[in-house]
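*Asks:* For reference, the chains in residue letters:
2 protein chains.
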Amino acid sequence: MADDKKLTTRASDFSAWYNEVVLRAELADYSPVRGCMVIRPDGYGIWERMQRTLDDMFKATGHRNAYFPLFIPESFLHKEAQHVKGFAPETAVVTHGGGKKLEEPLVVRPTSETIIYAMFAKWVQSYRDLPLLINQWANVVRWEMRTRLFLRTLEFLWQEGHTAHATHDEAEEEARKILGLYRDFMEGWMAMPVVTGQKTEAEKFAGALRTYSCEAMMQDNKALQAGTSHNLGQNFAKAFDLKFQSESGDEEYAWNTSWGVSTRLVGGLVMTHGDDNGLRIPPLLAPTEVVIVPIWRKEEERSRVMEAADRVCRDISNWERRDPNALRVRVDTRENLKPGAKYYEWELRGVPIRMELGPRDLDANQGVLVRRDTRAKQSVSLDAIAEEIETVLETMQDDMLSAARDRREQNSHRGAVSYEQFKELMEGDGAFVYAGWCDGEKCEAQIKEETKATIRCLPDEEFRSAEAPSRCLLCNADATTEALWAKAY
Amino acid sequence: MADDKKLTTRASDFSAWYNEVVLRAELADYSPVRGCMVIRPDGYGIWERMQRTLDDMFKATGHRNAYFPLFIPESFLHKEAQHVKGFAPETAVVTHGGGKKLEEPLVVRPTSETIIYAMFAKWVQSYRDLPLLINQWANVVRWEMRTRLFLRTLEFLWQEGHTAHATHDEAEEEARKILGLYRDFMEGWMAMPVVTGQKTEAEKFAGALRTYSCEAMMQDNKALQAGTSHNLGQNFAKAFDLKFQSESGDEEYAWNTSWGVSTRLVGGLVMTHGDDNGLRIPPLLAPTEVVIVPIWRKEEERSRVMEAADRVCRDISNWERRDPNALRVRVDTRENLKPGAKYYEWELRGVPIRMELGPRDLDANQGVLVRRDTRAKQSVSLDAIAEEIETVLETMQDDMLSAARDRREQNSHRGAVSYEQFKELMEGDGAFVYAGWCDGEKCEAQIKEETKATIRCLPDEEFRSAEAPSRCLLCNADATTEALWAKAY
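Going down the list, the protein sequences come from chains L and A. Just remember that this note's numbering sits 245 ahead of the position in the first sequence, which is counted from 1. Just remember that this note's numbering sits 245 ahead of the position in the second sequence, which is counted from 1.
Chain L on its own, in the form it takes in the complex (with noise of 0.2 Å):
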């Protein structure tokens, strides 16, 4: 049960918001075990619809599932020089089974990318095998010392994808494909718009050729990196042994990709359109879409209305068809609980609709709708109620997406910016600044030393400024190209 207690304000403390708003509308809680969180049916349940969607995507552009072992010998880490500097450090490490001690200690799994291509090399022998579209859902472990609820966690959920293509142009375009794909998963379903571009050198993921991310600005105006989507051009391939034979008939390396999304997606969500009464929830990603909250004083007024929540909720959610795109709805049928408590939980929670019924109501064939994002009420009669209550969580999609792009919007500074504005917007509410950069990476560690601020992303060609920045933002030398700055998560 929600607690009444006042939530903290994001203007007041953005990140103690955060976590009462995720423990409170009781998506995940903290577990006995450091770091590792427990994801509650509430926030699993909007886990479980961002899963489904993804995995339609992937199958609908032929990649398949698969499973692969969340053991990894140490040794297996090493064979890719920048893959273990990366990820080494970070492991948890089984030492013992079975009340025995292991020869060789076996590495909880940070990411797959050296157990999969081992399997790849031994699947892969022709051109005719390729490509290979493999995803894969699973738990993974980064032993990470600071951690925040969905954003930063010892142990998280994630799907990682992998290929091997015949060419360096084919894994070019999966990646770039995969990026795209996540963009529109992430606008239109998640309402979160994101700025796509390349990763910088020093920023890329560990043994890739290219690294593409998704960047949203959150509420606080620090980016969270949404999603990753990795070329990884022939390096896993030569450390693994991932051969084929080519049309021609020439033994040739592979070439693989791998990308990710996690359940750092759910904390993105949040403190993408959360607000200071609690979570708001895309209709698209909603485990609930609508509640109905019936409301009675005496008690022949309340199997009546009861009666009609009931018969309204079996007509709109058309749960005899088991249409997986029917409405989804649910009464609150609580006795110990009066209404205004009952809106109040449920705006909490986020649920994009509360739709109120009474008797009065009832006597004008009607129910009362409340959107949760902009909390506007409008009556609506009872004969077109699905039809309203569609075209309201559409219009509410739509609206959510455009709310959080305005405010990206108004707080993104593109054009000439001097460092020193530069520092005092990174020390203030924060901001993303498109700048000029020298492609030097000693700027863009020393900023990165002085402001906290990173190179979030050299961003693709629709998001860069209709006049290009000519001056490193450091160090005034020629810019070569123009990179997104931000604080991030």
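Note that these hints are calculated values from the structure, not bench results. Not one of these hints is a red herring.
Derived DMTMM-like pairs: lysine to aspartate or glutamate, alpha-carbon spacing no greater than 25 Å straight-line:
{"id": "1", "chain 1": "A", "residue 1": "Lys345", "chain 2": "L", "residue 2": "Glu349"}
{"id": "2", "chain 1": "A", "residue 1": "Lys346", "chain 2": "L", "residue 2": "Glu389"}
{"id": "3", "chain 1": "A", "residue 1": "Lys367", "chain 2": "L", "residue 2": "Glu265"}
{"id": "4", "chain 1": "L", "residue 1": "Lys346", "chain 2": "A", "residue 2": "Glu335"}
{"id": "5", "chain 1": "A", "residue 1": "Lys587", "chain 2": "L", "residue 2": "Glu492"}
{"id": "6", "chain 1": "A", "residue 1": "Lys304", "chain 2": "L", "residue 2": "Asp301"}
{"id": "7", "chain 1": "A", "residue 1": "Lys304", "chain 2": "L", "residue 2": "Asp560"}
{"id": "8", "chain 1": "L", "residue 1": "Lys346", "chain 2": "A", "residue 2": "Glu389"}
{"id": "9", "chain 1": "A", "residue 1": "Lys367", "chain 2": "L", "residue 2": "Asp577"}
{"id": "10", "chain 1": "A", "residue 1": "Lys345", "chain 2": "L", "residue 2": "Glu319"}
{"id": "11", "chain 1": "L", "residue 1": "Lys488", "chain 2": "A", "residue 2": "Glu271"}
{"id": "12", "chain 1": "A", "residue 1": "Lys346", "chain 2": "L", "residue 2": "Glu335"}
{"id": "13", "chain 1": "A", "residue 1": "Lys304", "chain 2": "L", "residue 2": "Glu552"}
{"id": "14", "chain 1": "A", "residue 1": "Lys587", "chain 2": "L", "residue 2": "Asp374"}
{"id": "15", "chain 1": "A", "residue 1": "Lys367", "chain 2": "L", "residue 2": "Asp274"}
{"id": "16", "chain 1": "A", "residue 1": "Lys304", "chain 2": "L", "residue 2": "Glu580"}
{"id": "17", "chain 1": "L", "residue 1": "Lys587", "chain 2": "A", "residue 2": "Asp374"}
{"id": "18", "chain 1": "L", "residue 1": "Lys345", "chain 2": "A", "residue 2": "Glu389"}
{"id": "19", "chain 1": "L", "residue 1": "Lys583", "chain 2": "A", "residue 2": "Asp374"}
{"id": "20", "chain 1": "L", "residue 1": "Lys304", "chain 2": "A", "residue 2": "Glu552"}
{"id": "21", "chain 1": "A", "residue 1": "Lys304", "chain 2": "L", "residue 2": "Asp577"}
{"id": "22", "chain 1": "L", "residue 1": "Lys304", "chain 2": "A", "residue 2": "Asp274"}
{"id": "23", "chain 1": "L", "residue 1": "Lys304", "chain 2": "A", "residue 2": "Asp577"}
{"id": "24", "chain 1": "A", "residue 1": "Lys483", "chain 2": "L", "residue 2": "Asp274"}
{"id": "25", "chain 1": "L", "residue 1": "Lys345", "chain 2": "A", "residue 2": "Glu319"}
{"id": "26", "chain 1": "L", "residue 1": "Lys488", "chain 2": "A", "residue 2": "Asp287"}
{"id": "27", "chain 1": "L", "residue 1": "Lys367", "chain 2": "A", "residue 2": "Glu580"}
{"id": "28", "chain 1": "L", "residue 1": "Lys304", "chain 2": "A", "residue 2": "Glu271"}
{"id": "29", "chain 1": "L", "residue 1": "Lys304", "chain 2": "A", "residue 2": "Asp287"}
{"id": "30", "chain 1": "A", "residue 1": "Lys488", "chain 2": "L", "residue 2": "Asp287"}
{"id": "31", "chain 1": "A", "residue 1": "Lys367", "chain 2": "L", "residue 2": "Asp287"}
{"id": "32", "chain 1": "L", "residue 1": "Lys367", "chain 2": "A", "residue 2": "Glu265"}
{"id": "33", "chain 1": "A", "residue 1": "Lys583", "chain 2": "L", "residue 2": "Glu492"}
Starting from the known structure of chain L, fit chain A onto it as the hints suggest.
*Replies:* This is chain A only, laid out in the frame that chain L set:
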């Protein structure tokens, strides 16, 4: 690609046959990590359909999914005395994280009672919070020494349900309800008949009050424990201080149940239905229900046949509607394989219906359907092909269950069986033997020691013999119950 060598027959070496089918039908593969397998897309596709079906059944009975940590503090396992005895010897232990030795080692969950009931204790205060009906889809690890693909692996995938109730009787009802749900799934979807019943004290789950199970007979007449459902009593509630305030205001310990099925079911499906030509998948769980093999010799036939195959595929799969109940069809367009080689491969992979489509079939506006279970052929007009396929698939689903049930009954022995006859049966072809038992752990242990057969369950009433056996199989004393004996996986 399947290899052409003939499969070992079931009669000559059932165990070798099983491994070959699993590997060559590409359900799973060995991994470089001892005892851990890789589930390949064709195997994972079956598991996904199992998951989806069970998940719908769990949700329809009020359960919700959640996710709990992979790691469990070692001390948690020790809180329930029987539980630690059962599971501690087979755990994998993480001793190092982030490069440092941990203060308290973490166990990789072998099952999640301890961590889950620790959380329940935090969430449950009042009878109003009960029943709490939770399910988790997860990987678990048990350090097995002798492993078999799907049947017994170090790591496996499963679901584990965990519930808390206000009374013993509600918990008992839940445990039995889930047992029935499992049976419905195994018989209705897997076409795998099961005997349900209660485990003996010696065979029950470590920490349970009572364990119920579904026992299926494989084609080598051995039993597969396909699913278990436990009434845990108040054992874990007491160990983890899971208390609630009852309606009358008293503080009471909750009553728990837990229950699970795993990827082992995929192995059970193979061993129930496979034949000497390979896998046979019951239609309801087949990732592909129909494969269309276009046949042509001359180039001018090729485009005509291919176009027709595509059209038929689109028509019968209704792919534009994205209907989850639409037929799952694919066309085998490979040009480097002859039709015969394709037939051989799809039989090995167990696709329920093969549809042959050649120029002469098209002239006659028909296709040829071949059932995988009986290999019966029939020509069907293309105008009625979708309906005909539906009918054949439904018949096949029923026939596969009947065939498996007939086989089981032919290899089940009831009535007076002497211990000598019993030993011969167990040394020979194996069997399900329903026999009297004096309820003595000594007889149970001695029979197990001498024959490797165990009491699979004390069968539920509908499975008991019309005339209850009167004497104990071993000691000849008065039988108090009827027991189902068999060797088991």
